[in-house]
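Protein sequences, first through last, are from chains A and B. Per the numbering used here, numbering of the first sequence is gapless, rising by one per residue and ending at 251. Per the numbering used here, numbering of the second sequence is gapless, rising by one per residue and ending at 277.
The set of hints was computed from the structure by calculation and includes no laboratory data. Bear in mind that the values here come from a model prediction, so they are computed numbers and not experimental data. We put the beta carbon where it would ideally sit given N, CA and C, even for glycine. There's no promise every hint is true.
[Stated by the list, open to error] Below, simulated DSS-like cross-link-like pairs (lysine-lysine); rule was C-alpha separation at most 27 Å, straight line:
id, chain 1, residue 1, chain 2, residue 2
1, B, 247, B, 174
2, A, 208, A, 174
3, A, 208, B, 174
4, A, 85, B, 266
5, B, 174, B, 266
6, B, 174, A, 202
7, A, 231, A, 85
8, B, 252, B, 174
9, B, 266, B, 252
[As the list claims (entries may be wrong)] Stretch by stretch, here's where chain B covers chain A in the computed footprint (C-beta under 8 Å, at least three residues):
id, segment
10, 168-179
11, 199-205
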Amino acid sequence: MALRQLSWAYPLRVKGERLYEHGPDGSTDFRGQEIELQESTKPDSSSCKLDSIVLGESVWVRALPKGSRRSFDGTQSSMSLDAPTWLSLLPRNTDSVYSIGVSKVSYRNEAASWDLATYNALIELAFTISSKQRHLEKTIVGGEQSGMTMTTTDVVIRGFKVVERWRTARTLYVLAKAEHN
Amino acid sequence: MKIPSLSGIFCALVSISLVVGCGGSKTTNLTPSSNKETVESIPDWFLNPPSDPSYLYSAATTTSRDVQMASNKAKTQARTDLAQQLETKMNNLTENFQEEVGQGDDSELLQQFTSATKSVTSQTLNGSRLDQQQILPERGIYRAYVLMSIPIGDANRQLMQKIQENKNLYTRFRATEAFAKLDAEINQLENK
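Bound-form chain A, shown alone:
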């Protein structure tokens, strides 16, 4: 999991599409998505070092490129009980694009839930940096209105990084950023 997320820090091509259907009652229903990740670099255990720390009942593993001097020493901090500002107001920066990924907590596998939230943040970055929308609306005189929206993206994300994490009892939030293309 750590190695997979490390590969996202290198230039990563994200191609995908999402389909939504709009009902006559104004509802919007998600009809599926297809996402493809094309990694430029696939680090393995020989090309990077793994650093681990035990926090409570969990073991956190950080994957770093070999030669990196960073470690977990002195990085422990407690999570704030109050919701962070970035949940409602994304940070603004001319050099970076930010996004939030969300996931429900799986009590059997919390690590996978964090991984999913990080993945969702990555995909949201792609659709934020560049997305094409095709929208079709159909209205029949005296009848109902319906429509479809297809959103596609094809972008190379550079410098993907998790900035901060936060959670409630049931929901995990990940704030991530990437270089502005």
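Given chain A's structure and the hints, the job is docking chain B onto it.
Just chain B now, with coordinates in the frame of chain A:
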């Protein structure tokens, strides 16, 4: 052998009918009717989106059983609205240009102008940004409110650049009031 009493049989029948009656399929209502709590929790920026001559804004709200899905749907809806707003603005500019240029010999120029505006609309949506977001639980589902924006100044500059790339189009466009208006908008934003 003891024969069950009539009251005992009656009680058993009532119990069985209650158990059978309690079953049935459950579906999640993603369009619940609003109540006081829902109305009071609507963010101010959703009811009164900001107004800035440099940006186009769009606020949207959707629901889902999944938190991320609620956010994604709302952002898609907001982006669609932004695209329609930008297209309306570009269409107005095209109509103004058409009125001044007229039809006939200049139809090719008009086509080139339309192509430039469509290209700008497509590129400008790449700069769409999530300004505010709020996700609230609502009777078993999640409701997401989002506010998205795109910088209109960039769209104007890109359009001007596209037109200037076509010498004939630029020469014709410069003589119109539509050009004067676009140029004034760009200068106003640059001098801000």
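Query - residue 85(A) paired with residue 266(B) [C-alpha distance capped at 27 Å] - result: Given pair residue 85(A), residue 266(B) is violated - Cα atoms ~39 Å apart, limit 27 Å.
Query - 27 Å limit on alpha-carbon distance, applied to hinted pair residue 231(A) and residue 85(A) - result: 19 Å, holds
Query - Given pair status - residue 252(B), residue 266(B), alpha carbons within 27 Å - result: 19 Å, holds
**Report entry** chain B covers the segment 199-205 of chain A, three or more CB atoms within 8 Å, holds or violated
**Finding:** This one holds; 6 residues, not fewer than the three required, reach chain B with a Cβ under 8 Å.
Query - Hint consistency between residue 247(B) and residue 174(B) [alpha-carbon to alpha-carbon, up to 27 Å] - result: Answer holds: residue 247(B) to residue 174(B) is near 16 Å, not above 27 Å.
Report task. Verify the proposed pairing of residue 174(B) with residue 202(A), using a straight-line Cα cut of 27 Å. Result -> 19 Å, holds
Query raised in the report: In terms of beta carbon proximity below 8 Å, does the segment 168-179 of chain A have 3 or more residues touching chain B?
Result: Our answer is that it holds, as 6 residues pass the Cβ test (under 8 Å) against chain B, meeting three.
Requested in this report: With a cut-off of 27 Å on the C-alpha distance, tell me whether residue 208(A) and residue 174(A) pass.
Outcome: Given that 27 Å is the threshold and the Cα spacing comes to 35 Å, the pair is violated.
Report task. Quickly compare the C-alpha distance for residue 252(B) and residue 174(B) to 27 Å and report which way the hint goes. Result -> 24 Å, holds
Query - Distance restraint between residue 208(A) and residue 174(B), which requires alpha-carbon spacing of 27 Å or less - result: 22 Å, holds
Query raised in the report: Straight-line Cα separation of residue 174(B) and residue 266(B) no greater than 27 Å?
Result: 13 Å, holds
Violated hints, listed in ascending order, are 2, 4; each of the other numbered hints is respected by the structure.
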